[in-house]
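Protein chains: 2
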Amino acid sequence: MLQNDLLLKVLRGEQAERTPVWMMRQAGRYLPEYMVLREKYGFFERCQTPELACEITIQPVNIIGVDAAILFSDILVVPQAMGLEVQLVESKGPYLPDPIKTQKDLTRVRVPDVQETLGYVFDAIKLIKRELNNRVPLIGFAGAPWTILCYMVQGKGSKTFDEAKAFCYTQPELAHTLLQMITDTTIAYLQAQVKAGADTVQIFDSWGGLLGPADFENLSLQYIRQIVTALKDLAPTIIFAKGAWHSLASMAATGAQGLGIDWCISPQMARQFAGNQVTLQGNFDPAKLLSPIPVIQKEVKQMLDAFGSGRHIANLGHGILPNVPVDHARAFVDSVKNYKG
Amino acid sequence: MLQNDLLLKVLRGEQAERTPVWMMRQAGRYLPEYMVLREKYGFFERCQTPELACEITIQPVNIIGVDAAILFSDILVVPQAMGLEVQLVESKGPYLPDPIKTQKDLTRVRVPDVQETLGYVFDAIKLIKRELNNRVPLIGFAGAPWTILCYMVQGKGSKTFDEAKAFCYTQPELAHTLLQMITDTTIAYLQAQVKAGADTVQIFDSWGGLLGPADFENLSLQYIRQIVTALKDLAPTIIFAKGAWHSLASMAATGAQGLGIDWCISPQMARQFAGNQVTLQGNFDPAKLLSPIPVIQKEVKQMLDAFGSGRHIANLGHGILPNVPVDHARAFVDSVKNYKG
Numbered sequence: 001m002l003q004n005d006l007l008l009k010v011l012r013g014e015q016a017e018r019t020p021v022w023m024m025r026q027a028g029r030y031l032p033e034y035m036v037l038r039e040k041y042g043f044f045e046r047c048q049t050p051e052l053a054c055e056i057t058i059q060p061v062n063i064i065g066v067d068a069a070i071l072f073s074d075i076l077v078v079p080q081a082m083g084l085e086v087q088l089v090e091s092k093g094p095y096l097p098d099p100i101k102t103q104k105d106l107t108r109v110r111v112p113d114v115q116e117t118l119g120y121v122f123d124a125i126k127l128i129k130r131e132l133n134n135r136v137p138l139i140g141f142a143g144a145p146w147t148i149l150c151y152m153v154q155g156k157g158s159k160t161f162d163e164a165k166a167f168c169y170t171q172p173e174l175a176h177t178l179l180q181m182i183t184d185t186t187i188a189y190l191q192a193q194v195k196a197g198a199d200t201v202q203i204f205d206s207w208g209g210l211l212g213p214a215d216f217e218n219l220s221l222q223y224i225r226q227i228v229t230a231l232k233d234l235a236p237t238i239i240f241a242k243g244a245w246h247s248l249a250s251m252a253a254t255g256a257q258g259l260g261i262d263w264c265i266s267p268q269m270a271r272q273f274a275g276n277q278v279t280l281q282g283n284f285d286p287a288k289l290l291s292p293i294p295v296i297q298k299e300v301k302q303m304l305d306a307f308g309s310g311r312h313i314a315n316l317g318h319g320i321l322p323n324v325p326v327d328h329a330r331a332f333v334d335s336v337k338n339y340k341g
Numbered sequence: 001m002l003q004n005d006l007l008l009k010v011l012r013g014e015q016a017e018r019t020p021v022w023m024m025r026q027a028g029r030y031l032p033e034y035m036v037l038r039e040k041y042g043f044f045e046r047c048q049t050p051e052l053a054c055e056i057t058i059q060p061v062n063i064i065g066v067d068a069a070i071l072f073s074d075i076l077v078v079p080q081a082m083g084l085e086v087q088l089v090e091s092k093g094p095y096l097p098d099p100i101k102t103q104k105d106l107t108r109v110r111v112p113d114v115q116e117t118l119g120y121v122f123d124a125i126k127l128i129k130r131e132l133n134n135r136v137p138l139i140g141f142a143g144a145p146w147t148i149l150c151y152m153v154q155g156k157g158s159k160t161f162d163e164a165k166a167f168c169y170t171q172p173e174l175a176h177t178l179l180q181m182i183t184d185t186t187i188a189y190l191q192a193q194v195k196a197g198a199d200t201v202q203i204f205d206s207w208g209g210l211l212g213p214a215d216f217e218n219l220s221l222q223y224i225r226q227i228v229t230a231l232k233d234l235a236p237t238i239i240f241a242k243g244a245w246h247s248l249a250s251m252a253a254t255g256a257q258g259l260g261i262d263w264c265i266s267p268q269m270a271r272q273f274a275g276n277q278v279t280l281q282g283n284f285d286p287a288k289l290l291s292p293i294p295v296i297q298k299e300v301k302q303m304l305d306a307f308g309s310g311r312h313i314a315n316l317g318h319g320i321l322p323n324v325p326v327d328h329a330r331a332f333v334d335s336v337k338n339y340k341g
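Protein sequences, first through last, are from chains A and V. Counting from 1, one number per residue, gives the positions in the first sequence under our numbering. Counting from 1, one number per residue, gives the positions in the second sequence under our numbering.
Extracted from the complex, chain A is given alone in its bound form (with noise of 0.2 angstroms):
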């Protein structure tokens, strides 16, 4: 049984203690401890090898003392088991030096085994489970099928993908079939990394907010539907779509039991647009960090007081930065245990 599973209890509707609290890319290169690796091994080496993947895991379980640890990987580990050559060159981000343009390209992808392609993220979690020992619960992830075919087109990152979008409009067959295949992948994916060990699961459509809300629903919500479906008596799944705040009320309607929101929305219109059946996951500005900790203190009080008791996991809108210094990033989580409400 777990020691600390305030995350599962909120996310299951339950009452609990106090609000949990976690960082989205909380194993990252704001830790020295992760440099140090960072330094010695490539990307997919540390992503790869189920060792160092559970070390950089558990690294902010110990030193910041998060509520839950979340896999070391990578959303781009998909594209690269469905068939793609993923580079990812540090400070640079992805390059798929041969993306998706045409019918053609897509006879290069399939949809993989995943035990064959992707047996190192299970492994990973199965030595990571081991070495929590049920101190806090694990978070399994997959990106949103719109966010990897918008890798999958573009061939690296973008602040529009309007190649990627273009894609989608002009051969929009096309675009269904190859959405169709990620989900079907992501599928499996993510059903084994709950077999494995993850306790929930969280998908990242880092993109999302790059659709109006008719597009969001037809190039991205419905295949997150499905995954959520599929996912419904594994574990329980949070959704994080970063910018779709107009879709929140259809997000909640998918049976995810949280949604993340990023800073740009006030914690009682993201309440009011989702409803009160689903967890809200979020919002601090992840610049805000950068602040003086009276200041940080300050405004994580504001942000639990204004997201109120219940259905509210603490975190940022968005990754951490890698140029937050560590005992600011230990008084944000601090800040959240300490809240007295």
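Derived from the structure by calculation, the hints contain no laboratory data. It cannot be assumed that every hint is accurate.
What the hints assert, rightly or not - Under 8 angstroms between C-beta atoms, here's a sample of chain A residues computed to sit facing chain V:
#1 K159
#2 G243
#3 S266
#4 P267
#5 M269
What the hints assert, rightly or not - Residues from chain V shown here face chain A by an in silico Cβ test under 10 angstroms; the list is partial:
#6 D162
#7 I265
#8 L290
#9 Q302
#10 H318
Yeah, the Cβ is synthetic: ideal placement off N, Cα and C, and Gly gets one too.
Since the structure of chain A is already known, use the hints to place chain V on it.
Then chain V, alone, in the frame of chain A:
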């Protein structure tokens, strides 16, 4: 008197024969005629030579048939006039080699005499007005103080502008001093644009959407409000704070006549937030201009249906992309012109 004053009528809330249409960044890289001048002259040469700025400004009026011209210039002429070096490297974006980081850096910045530093803009406006010969109105513009601060502090484009945000969060007094200096410069600049002949002005807050609702009020909107107030008796103003949907009601309350919206909000929801006393401008997804023409025509009709008759200016939700075919841009404009509600 203007032969086509649809835009001004709709901004004033008067009944117009049809919805006016223009496109953000309509004088831009998708036009082969613009590319000819771009290859021949540097960016600031194009901005600072009234004959070139005039020719570029009028190109989309002649070639595409938009209902308004918008001054060809850049928001970064303001930090330049305030004393900072600004480089615009083609296809790489802006670069400010000596950004503002400290109190001492602020001594390098001044509120300039706009006639002395930006006289070339007013000369361009006078020339454009003469050449337009009352065919369509001319839109002047400036960046919102927050967006200008982003560049002055970060020194270049960014996805998160976290250095600019950290500057504001850690040195709030300094930030507000700088924001007020930018505001004072911008007021004088826009007033002079109107005196030179601009029929209306748009305030571009490209990075307003990076701020949460409370920070948006504190770091952006309170300064935009000063600008709108200072322009009140001179010309109608349009605020375009991309992504700041949460503050549409507060933006409407400034007294601005128009509010730009991006494509990530439905027209119905935007109207609900903004109320009925303001004109909405937008909000076609720029990437959708890469779709086949029949799709563009269908989606324009859907957009106009959704906005309904009355206070709406058709536009994109952000600048036109460089890779949009000219006949697609024309199809967008023609679809608005030929719309039967």
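Outcome of the hint check:
1. A hinted interface residue such as A/K159 counts as satisfied when its beta carbon comes closer than 8 angstroms to some beta carbon of chain V; here the least separation is about 7 angstroms, so the hint holds.
2. Against a cut-off of 8 angstroms between C-beta atoms, the interface hint on A/G243 holds, since the closest Cβ of chain V lies about 7 angstroms away.
3. Using the Cβ-Cβ criterion of 8 angstroms, the hint placing A/S266 at the interface with chain V is satisfied: the shortest such distance is roughly 5 angstroms.
4. Taking 8 angstroms as the C-beta contact cut-off toward chain V, the hint placing A/P267 at the interface is violated, the least distance being around 10 angstroms.
5. Contact between A/M269 and chain V, as hinted, is supported at the beta carbon level, the nearest pair being about 7 angstroms apart and thus within 8 angstroms.
6. Given the 10 angstroms rule on beta carbons, the hint for V/D162 holds: about 5 angstroms separates it from the nearest Cβ of chain A.
7. Evaluation of the V/I265 hint against chain A yields a held restraint, the C-beta minimum of about 6 angstroms falling below 10 angstroms.
8. With a least beta-carbon distance of about 4 angstroms to chain A, the hint placing V/L290 at the interface is held under the 10 angstroms criterion.
9. Annotation: V/Q302 was flagged as interfacial toward chain A, and the flag holds, the nearest CB pair being 9 angstroms apart, inside 10 angstroms.
10. Evaluation of the V/H318 hint against chain A yields a held restraint, the C-beta minimum of about 8 angstroms falling below 10 angstroms.
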